[in-house]
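Colleague: Those protein sequences? They're chains A and B, same order as listed.
With this note's numbering, letter number 20 in the first sequence gets 20, and the count goes up by one each step, no holes.
With this note's numbering, letter number 173 in the second sequence gets 173, and the count goes up by one each step, no holes.
Think of the hints as simulated: they come from the structure by calculation, not from any bench.
Please note that a few of the clues may not be correct.
Under the rule of at most 27 Å between Cα atoms (straight-line distance), these lysine-lysine pairs were calculated in the DSS-like manner [said to hold, decoys possible]:
hint	chain 1	residue 1	chain 2	residue 2
1	B	83	A	148
2	B	446	A	192
3	B	446	A	174
4	B	279	A	148
5	B	3	A	174
6	B	446	A	148
7	A	81	B	471
8	A	11	B	3
9	B	279	A	174
10	B	471	A	174
11	A	192	B	66
12	B	83	B	66
13	A	64	B	224
14	A	57	B	471
15	B	279	A	166
16	B	471	A	192
17	A	122	A	148
18	B	446	A	81
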Amino acid sequence: MRNKKLVNYAKYGYLFSIPFILTFLIFTLYPIVYTFLIGFTDLSGAGNTTWHLITSKDAVGGPKGLFDNFIAVLTNGSFQKAFSNTVIIWTINFVPQLGFALLFTAWFTDRRSKVKGSGIFKILFYMPNIITAATVAILFNVLFGYPKGAVNDIIIGFSKLFGVQKELMQSDPKAWELAVMFDFNNNAWALKLIVAFIQFYQWYGYTMVNLVAGVIGISPEIFEAAEIDGANRVQTFFRVTLPCIRQILLFVLVTSLIGGLNMFDVPQLYADEKRANGAIMTLNMFVRSQGLDNRYLYNKAAAASVIMFIVIVALSAIIFFILRDKDEAKLKKLRKQELKALKKGM
Amino acid sequence: MKKVIASVLSVAMVAAFAAGCTTTETTKGGDDATTAATEGDQTDASGDDGSDASEEDIPTYGSGDKVINLWSFTVEIPNMVAKYIELNPEFGEEYTVKCTITATDGGAYQTALDAALAAGGDSAPDMYAAEAAFILKYSQGDMAQYAATYKDLGIDVDTKTAEAEIAPYTIDIGSRNGEVVALGYQATGGAMIYRASIAEAVFGTSDAAEIEKIVGAGSGNWDKFWEAAATLKENGYAVVSGADDMWNVCEKSATQAWLNGDEVVIAPEREAFLDIAKKLKDEGLSNDTGSWSEAWYADMADSNVFCFFGPAWLINYVMIGNCGGTAAGEGSYGDWRVCAPPVGFFWGGTWVLANKDTDMAEGVAKIIEWITLDTSDTGLQYLWANDQMGNGAKDTVASGVVMAKSDGTLDFCGGQDIFPAFIAGNANASGKAMTQYDESINTYFKDAATQYANGEIDRDAAIEQFTQNVKDAFAF
């Protein structure tokens, strides 16, 4: 009776994971599958729940090609605009975000000069991430308001100080104020930059914390070795630190990419998808406006979501490929070749 | 031992998980019991009886067992219900009215209401409100299938509308295939609301008839108005607060709807707004505010702004609260006058609908009839037109009978009788130039006009951009 002592705990593991798996199946997997399905149907119209496959002859407006919804979305000017907006806003936000995060990481983890109160700074930099997006978006909207807003007040103050358009200022102060103020919230590029800045401001702290964690995980011996070999700080950072946190960088890149392509709350609350010719309409805002506004085109919204899904998967795959461990990949290849050779030899 | 602990824990977890699915039902039953018990003791019908902590955010009126769910985008209709229950306590003993209020910002109200109507069930709205910008969707358009006809509610609507002399456009907009499903209580003909002191200072008179001549009232064009605007500017005044003020006139004076089938149509009255916005901006004739912004509200107090365009409700809901005072001499209170606008228009209005699946048809019918068709001195419309709702305001209402016996003198307008000017504006009201998607399409057009006025794009590009955006959004 040897088995009596050996209790198999694996089944409890399964038991404990049931709640998660059930919730996942019902609230995540099923909606995803359903979205894929809806993309190929004629489902639209407020409150409507009956649908037909778009190729069937019962479909509203007659049978169409299987990918009709997808083609309609891809050729929709607003979708194209939303796509480029999303990429532009994400890029403007991510490049400085990663840059600043790396810079702060380098400072806070520097072994030779300890930054005083680095703990406090880490917390302060992380703070914006805790505030809800809604609050930040509305706060910035008020700050950049026109003709009443804090930023415009500052502009007026400086214009007065430097005597911009002095004659107009003396003859008609009200007209002068309107002349020097800037309507940020109706200018396409101002809107994009502000939204990108909010995203940067909210997320650079989070990225930094991730990177710092990665650097702390590096064995100090490697740094010591670099020091003994006479590497200076810049060399250490680029030749030792960066390669060692590649996995963390990959994580940061992929999560930020997914988050960036899903960007919704800040631009939606800052100004809706209609403002300044759709200057800050992101892909998700497009999906919402197609599916939950106006004509309730659920099928088109679903098709757009599926396209987003494919784009995210493709881009993530590319990043994984670029940042893969090249040495390990080479080793794997070699091993495979050896195996092949062995097989051939046999 | 370990095995025992593990199994106990697992069982506890599974039990908790299973319980999670059923708690709502058990607590609901318990809540109902307690609610019924506490409410049975209550006699007053105040809004904050707060018998149910989890629903403290939902204003409820009455204490009866039968629950009516009311959806609205302002507190206006909930306040009416409160008044109705105050006047008819027996209704409050029979029914409880739960009010869900969602602002229309960014289409939030429509999205939430559509979802609630489509979901159905006990918590579905029994009675709901719709604003002029989207009433057609609920009375004749995509969501019309949920609206009950007033006849089905048991209201003798044909006789009563004739007796009350309800404005015909109100009935047209609220009818589906000739059957009334929605009626409003206001009449929303527009007028020009101007500052007497500024008129006195610039034009030497504040008399409505004289000002009408100066701005070219009823002329159907803006020529005289621009002359007046130039004079005002020379004296340091802005003719309007912002371009949005004039947009309401342009939009609702149009004779063609935005859509003709799948085709986007820009009525000439609306296209004229592009030039109006540009002129206001280029010549600095306004304060360049946007409607419903802080700066716009601020201009209603003692500011340099000469006039606003709006129906009587603009005075009631917006201007009185933002004029910076509550008696003559404080802020701009008492300094406003009303006269006919250069171009006739109407703006807004709220219609009341009932869900065809409601179990409370009788109760809903009572409220709806009181709001939309009761012409007696205790009917909503009479109270509404004669400042008896306690908000210090007088509104023009849909019933001609009520208007005939109401008095429109208002302290906010220096004792002027405001009704004649607004009633004259009612002639411009019609549902012919409306579509069910007006709220969205208007936003696209105003955005294009702003881009043009700000010099970002030229006029043709503005029209092109607007047309394309609408086509894309609606997937035409």
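Colleague: Does each hint fit the structure? Answer for all of them.
Modeller: Now the hints, each set against the structure:
Pair hint residue 83/B plus residue 148/A does not hold up; C-alpha atoms about 38 Å apart against a cutoff of 27 Å. With a C-alpha separation of about 20 Å, the suggested pairing of residue 446/B with residue 192/A holds against the 27 Å cut-off. For the hint pairing residue 446/B with residue 174/A, the CA-to-CA distance comes to about 24 Å; that is within 27 Å, so the pair holds. As the CA atoms of residue 279/B and residue 148/A are separated by approximately 21 Å, the hinted pair is consistent with the 27 Å bound.
Of the pairs offered as hints, the one joining residue 3/B and residue 174/A is violated, with about 81 Å between alpha carbons and a cut-off of 27 Å exceeded. Proximity of residue 446/B to residue 148/A is assessed by CA-CA distance (about 20 Å); at most 27 Å being required, the pair is judged to hold. The suggested pairing of residue 81/A with residue 471/B holds, with an alpha-carbon distance near 14 Å, which does not exceed 27 Å. Under the criterion of a C-alpha separation no larger than 27 Å, the hint pairing residue 11/A with residue 3/B is consistent with the structure, at around 12 Å.
Among the hinted pairs, residue 279/B with residue 174/A is consistent with the structure: their alpha-carbon atoms are about 17 Å apart, no more than 27 Å. At most 27 Å may separate the alpha-carbon atoms for a hinted pair to count; residue 471/B and residue 174/A exceed this at roughly 39 Å. Taking the CA atoms of residue 192/A and residue 66/B, the gap is about 51 Å. The hint is violated against a cut of 27 Å. For the hint linking residue 83/B to residue 66/B, the alpha-carbon distance of about 18 Å falls within 27 Å, and the restraint holds.
A hinted pair counts as satisfied when its Cα atoms are at most 27 Å apart, and residue 64/A with residue 224/B does not qualify at roughly 56 Å. Distance restraint check for residue 57/A and residue 471/B: the Cα-Cα separation of roughly 26 Å lies within the 27 Å cut-off, and the hinted pair is therefore satisfied. With a CA separation close to 24 Å, the supplied pair residue 279/B and residue 166/A stays within the 27 Å bound. Straight-line distance between C-alpha atoms of residue 471/B and residue 192/A comes to about 23 Å, which keeps the hinted pair within the 27 Å bound.
Simply put, residue 122/A and residue 148/A have alpha-carbon atoms about 34 Å apart, too far for the 27 Å limit, and the pair is violated. A C-alpha spacing of about 19 Å is found between residue 446/B and residue 81/A, which places the hinted pair at or below 27 Å, so the restraint holds.
The earlier numbered hints that this structure contradicts are 1, 5, 10, 11, 13, 17.
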